[in-house]
Amino acid sequence: MTSTLVVSDKRPETAAFRQTVAAGEPWLHEVKAGSTLRIVDLEGNQAVDTLFYSLADPRERFDPQRTLRRQKSLYLTAGSVLYSNRGNAMLTIVADTCGRHDTLGGACAQESNTVRYALEKRYMHSCRDNFLRACAHDGRLSKQDVSANVNFFMNVPVTAEGGLTFEDGISAPGKYVELRAEMDVIVLISNCPQLNNPCNAYNPTPAELLIWD
Amino acid sequence: MNLLLEETVPGGGHTSLIVKRGQSLRVTDLHGGANVSVMMVNATEKSERLNLPDSLKCQHTAKLTAGHCLYSDMGRVLAAIVADTCGWHDSIGGVSNADEVFERYGSGRYQELRNAFYRNGTDNLLVEMSKWGLTISDLLMTLNLFSRVDVSDDGTLSFVKGNSKAGDYVDLYAPMNTLVVLTAIQHPLDPNPEYSPKPVKLELSEADPGVAEVCRTACDENVRGFINTERFFL
Numbered sequence: 001m002t003s004t005l006v007v008s009d010k011r012p013e014t015a016a017f018r019q020t021v022a023a024g025e026p027w028l029h030e031v032k033a034g035s036t037l038r039i040v041d042l043e044g045n046q047a048v049d050t051l052f053y054s055l056a057d058p059r060e061r062f063d064p065q066r067t068l069r070r071q072k073s074l075y076l077t078a079g080s081v082l083y084s085n086r087g088n089a090m091l092t093i094v095a096d097t098c099g100r101h102d103t104l105g106g107a108c109a110q111e112s113n114t115v116r117y118a119l120e121k122r123y124m125h126s127c128r129d130n131f132l133r134a135c136a137h138d139g140r141l142s143k144q145d146v147s148a149n150v151n152f153f154m155n156v157p158v159t160a161e162g163g164l165t166f167e168d169g170i171s172a173p174g175k176y177v178e179l180r181a182e183m184d185v186i187v188l189i190s191n192c193p194q195l196n197n198p199c200n201a202y203n204p205t206p207a208e209l210l211i212w213d
Numbered sequence: 001m002n003l004l005l006e007e008t009v010p011g012g013g014h015t016s017l018i019v020k021r022g023q024s025l026r027v028t029d030l031h032g033g034a035n036v037s038v039m040m041v042n043a044t045e046k047s048e049r050l051n052l053p054d055s056l057k058c059q060h061t062a063k064l065t066a067g068h069c070l071y072s073d074m075g076r077v078l079a080a081i082v083a084d085t086c087g088w089h090d091s092i093g094g095v096s097n098a099d100e101v102f103e104r105y106g107s108g109r110y111q112e113l114r115n116a117f118y119r120n121g122t123d124n125l126l127v128e129m130s131k132w133g134l135t136i137s138d139l140l141m142t143l144n145l146f147s148r149v150d151v152s153d154d155g156t157l158s159f160v161k162g163n164s165k166a167g168d169y170v171d172l173y174a175p176m177n178t179l180v181v182l183t184a185i186q187h188p189l190d191p192n193p194e195y196s197p198k199p200v201k202l203e204l205s206e207a208d209p210g211v212a213e214v215c216r217t218a219c220d221e222n223v224r225g226f227i228n229t230e231r232f233f234l
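Protein chains in written order, with the UniProt record's numbering: chain A, 1 to 213; chain B, 1 to 234.
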């Protein structure tokens, strides 16, 4: 699947929900089947780490490997269907002005930061802290449910030799991705606080979330 | 190499075992063209699980081969790939479920086929994990030993035939007590229209910790990963 930029005809002023999430904050919200969620990269090259769960049974969740092999492509873009670990379609990407979103890079965590950067980086804020904090307060989710996530707006290409690279420059201020829910879902986001990676120019920025019923 | 256990897993079979700290598990493709789907957890704290995204990004690789470590979500090394004659193990394809196996191979019930019935990787791993109290929530991204999936510039995935030959093996050294759950089952992107999973041999042995140096010193990240792992045993 080659990336195809698809612009949405939805107007922000008609959205039923609209919220800006600051860098480094979690966001947990329900999106009902048939509703559309837009995630906007307000200032460009921000990683929006996102997990999806079935509202009816939160043990059913986004399955990156099934999603990739069913579309026979590594990257998510307009037309991609996000499948669950039970094989059901959860959401479809219906608009995308960025063109490519990562599923291999996962989320930053205190522990992986110690491996990637330095042992003393352990005390910096991380996406997994956000996920776990949101799970702990919500009550329906726990660490067991935190699996491999989508990194919206991140470009993590695989080379012909099997290398994994973190490239920047594919997203830009105002670029967005829009997903139509195919089932009632819980969306769990960490607006990534990573300060050690050049992919966001060491500058985490806000994201905007809009929902149309 | 002090051999502790030798066992053949038939094509379609599933098993699990704890590879204790300092032991090594050799998996050998007996006939060529095998695929082994693998999930791992910390045997003593099973909420700590194999995290392929963390493993891939910290080593800047999508393929896995000798010199690479398989990391848990806690920044520790569940297993180090200390030897590999195959050269490429896949992190992308995952495991099929029953519907995908039916779509690809058609009906293959126990009623007619007895123990040659068509199994699938998801159920095989779930059954084996359930024996240890693990659930579908613990089935994260899986590793596929002996398989290779190439990614083109535009992201298209293609299964590479003939990646593993008869006799190819991979050695997984455990710097901590690691529960390994595996199944010898066809890769989901293997275009072979026939259901024909291949057998593999497992050999568990005591290992000299020095064998892991090739992984520990492969990059600064792995040096720190081994420090994190050692600290679990203080």
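It is possible that part of the hints are untrue.
[Unchecked claim] Derived lysine-lysine pairs resembling DSS-like cross-links, with alpha carbons at most 27 Å apart: (1) B/Lys165 <-> A/Lys72; (2) B/Lys20 <-> B/Lys201; (3) B/Lys201 <-> B/Lys131; (4) B/Lys165 <-> B/Lys131; (5) B/Lys201 <-> A/Lys143; (6) B/Lys201 <-> B/Lys46; (7) A/Lys72 <-> B/Lys161; (8) B/Lys20 <-> B/Lys131; (9) B/Lys161 <-> A/Lys143; (10) A/Lys143 <-> A/Lys121; (11) A/Lys143 <-> B/Lys165; (12) B/Lys131 <-> B/Lys161; (13) B/Lys46 <-> A/Lys121; (14) B/Lys201 <-> B/Lys165; (15) A/Lys10 <-> A/Lys32; (16) A/Lys32 <-> A/Lys143; (17) B/Lys46 <-> B/Lys165.
Keep in mind the hints are simulated off the structure, nothing from the lab.
Now for the hints, and whether the structure bears them out:
Distance check on the hinted pair: B/Lys165 and A/Lys72 sit about 25 Å apart at the alpha-carbon level, within 27 Å; holds. Taken as a hint, the B/Lys20 and B/Lys201 pair is honoured in the structure, with Cα atoms around 19 Å apart against an allowance of 27 Å. Using a Cα cut-off of 27 Å, the hinted pair B/Lys201 and B/Lys131 holds, with the two alpha carbons roughly 22 Å apart. Restraint check for B/Lys165 and B/Lys131: the C-alpha separation of about 32 Å exceeds 27 Å, so the hint is violated.
With a CA separation close to 34 Å, the supplied pair B/Lys201 and A/Lys143 exceeds the 27 Å bound. For the hint linking B/Lys201 to B/Lys46, the alpha-carbon distance of about 26 Å falls within 27 Å, and the restraint holds. At most 27 Å may separate the alpha-carbon atoms for a hinted pair to count; A/Lys72 and B/Lys161 meet this at roughly 16 Å. For the suggested pair B/Lys20 and B/Lys131, the alpha carbons sit about 18 Å apart, so the restraint of at most 27 Å is met.
With a C-alpha separation of about 37 Å, the suggested pairing of B/Lys161 with A/Lys143 is violated against the 27 Å cut-off. The suggested pairing of A/Lys143 with A/Lys121 holds, with an alpha-carbon distance near 21 Å, which does not exceed 27 Å. For a cut-off of 27 Å, the pair hint linking A/Lys143 to B/Lys165 is broken: about 39 Å separates their Cα positions. Of the supplied pair hints, the one linking B/Lys131 and B/Lys161 is violated, its CA atoms being roughly 34 Å apart against a limit of 27 Å.
Distance hint between B/Lys46 and A/Lys121 is fulfilled; the C-alpha atoms sit about 25 Å from each other, no more than 27 Å. Of the pairs offered as hints, the one joining B/Lys201 and B/Lys165 holds, with about 14 Å between alpha carbons and a cut-off of 27 Å not exceeded. At roughly 17 Å between alpha-carbon atoms, A/Lys10 and A/Lys32 fall within 27 Å of each other, so this suggested pair holds. Distance restraint check for A/Lys32 and A/Lys143: the Cα-Cα separation of roughly 24 Å lies within the 27 Å cut-off, and the hinted pair is therefore satisfied.
With a C-alpha separation of about 34 Å, the suggested pair B/Lys46 and B/Lys165 falls outside the 27 Å cut-off, and the hint is violated.
Checked against the numbered hints above, the structure breaks hints 4, 5, 9, 11, 12 and 17 and satisfies the rest.
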